[in-house]
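Using the sequences plus the hints, can you model the full thing?
One line per chain: the protein sequences are A and B, in this order. So the first sequence is numbered by this note's numbering: it starts at 1 and just counts up by one. So the second sequence is numbered by this note's numbering: it starts at 1 and just counts up by one.
Simulated from the structure, these hints should not be mistaken for laboratory data. The reader is advised that the hints may include incorrect statements.
Stated by the list, open to error - Here are some, though not all, of the chain A residues that point toward chain B, as calculated from beta-carbon distances under 8 Å:
hint, residue
1, Asp69
2, Ala72
3, Gly73
4, Tyr75
5, Ala90
6, Gly91
7, Pro257
To be verified - A short list of chain B residues far from chain A (calculated; beta carbon distances all over 12 Å):
hint, residue
8, Lys122
9, Thr163
10, Asp188
11, Ala402
12, Val535
Being a predicted model, the structure only gives us computed values, none of them experimental. Using N, Cα and C, we set each Cβ at its ideal position, and we do this for glycine too.
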Amino acid sequence: MSETDPAALGGQPFANETGGEQLLATGVLKEFCGFLMNRPSYLVGYLIVAMVALSGLVAPLLPLASPVDADAGAYLVPPSWAHPMGTDSAGLDVFSRVLFAPRVDLAIALVSTCWAACFGSVAGAFVGLWEERGGIKSGAATLILRMADVIQAFPVFALALVLVAVLGQGMTSIIIAIGIVNLPLYLRLMRGEVLRIRDQSYVEAAHIAGAGDIYLLTRHIVPNAAPPLLAQMSINTGVAVLLAAGLSFIGAGVRAPTPEWGSMIAMGFQNVVTGQWWPSMFPGLALALTVFGLGRIGASILAWTNPRERSRPTRRAWKAFTEGRN
Amino acid sequence: MHNTANGTIPLSRRTLLKYGAAASAFTFAPGFVNASFGQDRSKTLVIAAPATPLSLDVENSLSPGTIDTVAAFYDYLIGFGTIPDTVDGVMREDLEPRPDLPGGYNLKGMLAESWAFAEDGKSVVFTLRQGVLSNWGNELTAEDVKYTFDRKFEVKGAGAFMTSVMGLPDKDAVKVESKYVVSFTLKDPNPILMIVCGHLANPIFDSTKCKEMATTDDPWARNFLDTNVAGFGPYALKDITRGQQMVATARSDYYGEKPYFETVVFREVPISATRLQLLQGGAVDIAQNLAPTEMKSLENSTDATVTSIEASQMLWIELNTAFAPLDNIKVRQALNYAMPKDEVVKTIMQGFGKKMTTFMPDFYPGATAEFYDYDYDIEKAKALLAEAGHADGFTSTLAYNAGIPFEETIAIMYQTALKKIGVTIELKKLPAGTFFDSLVKRSEPMTFNLDAPFTPDPGFSLNLYFHSGSFLDFSNYKNEEVDALIKTSLSTLVEEDRFAATTAAQKIINEEAPWTLIANPGFQLAHGKDIGGIVYYTSNRLNFQDYKRV
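Shown next as structure tokens:
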């Protein structure tokens, strides 16, 4: 148990006073930074994602070729000074498109993950709280759970494909589709956390004292269920990037020539067999790196929320300790 | 290893590995293809195609797989004579009009031995070849021809269009005169009757077998002919598994010259890169529909090559005149000037094919490029848009087929070019099925189209795409003068008058530009270097019976 774990603080929620919260937050942030600095394998994930996000942000400010205007004369030009990553079969500059693509890929991944997490966790919280309340509340909870079962019964990619086909091609449709397929994950995760927390004595005490459902959830349950949710969100963002790229790869994603890694790979993969590897190789690498980075971020949050993992000495510290002892 | 009391072999890791290895070795052993079909590989033609036929009945489908296979199973009344192509070793149909010959062209009899026109040109009598057997062993008679055309009137599939183009008013127009003589009586003289008889969609069916397979619910044996064949062609169907492969075997009782290849395996390989690799590795003899870069990569191959032939295939964009501002002629002209045709052919098509300068295949009799003036010219396009009142441009949508990869790259190139004249187009990638649906429903302002008129006649071609009543007039083009000129060209037997009418129609169509012209992609056949005997047909199909190993 760590000092910041509510359970370690006698089962009490976080401090209520504003100054106290700020102090606590600063302390947590400082501790988290120290945790990352001592674990480079996690830190590298943050650096990769930061770089990718930064490239998407600053790409329009850089003196790059247009990512959407084709140069009819530059057909499948290999990497050169003029085109560092070459051009594709439409004469589009691959380097420029790789840098611009995070604006679409990360936006789709973040927005779809956030909305799925918001709606899924709210629904999961109520399901967990109402499940054994009886009456209409239990009925509603069961209905929501069964709906989640139905969604989860379909293969994720197939369901996303059908949703995009129904909603129409475009960024909004992809965001909605990815959000819907991910929503049950958060619902179940939050439900599990609520089932664990709702029986804690401080929650029961608040309930007996007359606290309503909303109060219980917002003040006592959700804050304590947040860490695993955050870890799941980070991992899911990577999955969402892959899903968005997969949908674009099969032509159900963003509209051409919007720079997006999946559609770039799809446009270039046919040329690989004839020796023009660059139109699909570079976006493929960018995609792999980003998903890897997001995966490391998720892993770091999971490790941080696990007291044993968090307090485990790093390899360097352990080496220094053993050398000092010898 | 031991056997159990009941004689079954216990499934252990060791037995699994042992039998698995044996099965693998059998599968990959050289000659597996031959062994499985009991044929000599040298006499087996293996084709890697994007898809197996959707149907083997031309009334149901004229999908690419159907187009490539139907002529192997069915013969026609007549066909074109052939002449050498400009490509060495390749033959092609002789399309030159020959007013001195009956039918007006250099035609060869297939199922029909001879034919004779009435003086007024309103009827023709076919005398059929005797002793011709179908793949079911039934002899060809005039009843088969009669049945074939009755079926067209009743089934109302592609045949309905065919009978109308041939000028056959009703079922009574086709009459059995005797066992081997059949006559066609027309409402008006029809200059293209004979060449339409040789159209891919007009094969002659074995009526005896079809009637045998008919049911009360299916009186025209549509279900049977969907997956079976009943024809008089050189091959019989051995097996078809849609999505996997079709196998055809040469008929020993075929009346004509026996095909070189005794077995044809038409295998579905959806990914073009895989088809290329199979061809390079010698696993297949022909790889269909390769991407231009893939065909280019065969230039240095020692085992495979690409035969590139001038063809009827055309690639264009339908400018739907029902959508503003595409109803404005100047706007459509501007859109034509903005298409970088030369660059498309040079880069995306890798030099295969040529830029399109006519509104029909340019080698068809009567086709003319004398009115063409749509080379890439952005300044001219801007000026025309300004004249049309759209100096600031406009916004529109361009739909393309996800199944044809180069359409996307052309669309992106075109989008960039149009930006230069202020026109913004949104690209709409549609799966093949949805794409054709939107094309037929004419629901998009701009839509790609890749097609060819199979009958090499200017009147037929213009009627197909520009007559306001045509089911293929996807640009909703309507000009009464053009309609009248097309009608004239299809109802007079005087050569000069026909071509004068089609030339006048082409001038108007060129001026009014209902299409954005792009390219004639040509007919490219990627094949092993040991495959010869290639003949080009305006239906852009394979013809198994022509090919041989050289």
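Now for the hints, and whether the structure bears them out:
For Asp69(A), the shortest C-beta to C-beta distance to chain B is roughly 5 Å, which falls under 8 Å, so the interface hint holds. Look at Ala72(A): its Cβ gets to within about 4 Å of chain B, closer than 8 Å, so that hint holds up. Proximity of Gly73(A) to chain B holds as hinted, the smallest CB-CB distance being about 7 Å (cut-off 8 Å). Given the 8 Å rule on beta carbons, the hint for Tyr75(A) holds: about 3 Å separates it from the nearest Cβ of chain B.
Taking 8 Å as the C-beta contact cut-off toward chain B, the hint placing Ala90(A) at the interface holds, the least distance being around 4 Å. Using the Cβ-Cβ criterion of 8 Å, the hint placing Gly91(A) at the interface with chain B is satisfied: the shortest such distance is roughly 7 Å. A distance limit of 8 Å between C-beta atoms decides the matter here; for Pro257(A) the minimum to chain B is near 5 Å, and the interface restraint holds. In this structure Lys122(B) is separated from chain A by more than 12 Å, as the shortest Cβ-Cβ distance comes to about 52 Å.
The Cβ of Thr163(B) sits about 38 Å from the closest Cβ of chain A, beyond the 12 Å cut-off, so the non-interface label holds. Look at Asp188(B): its CB is around 48 Å from the nearest CB on chain A, clear of 12 Å, so calling it non-interface holds up. Look at Ala402(B): its CB is around 5 Å from the nearest CB on chain A, not clear of 12 Å, so calling it non-interface is violated. Listed as a non-interface residue, Val535(B) keeps its Cβ farther than 12 Å from every Cβ of chain A; the least gap is roughly 29 Å.
The structure is inconsistent with hint 11 alone, although it conforms to all the rest.
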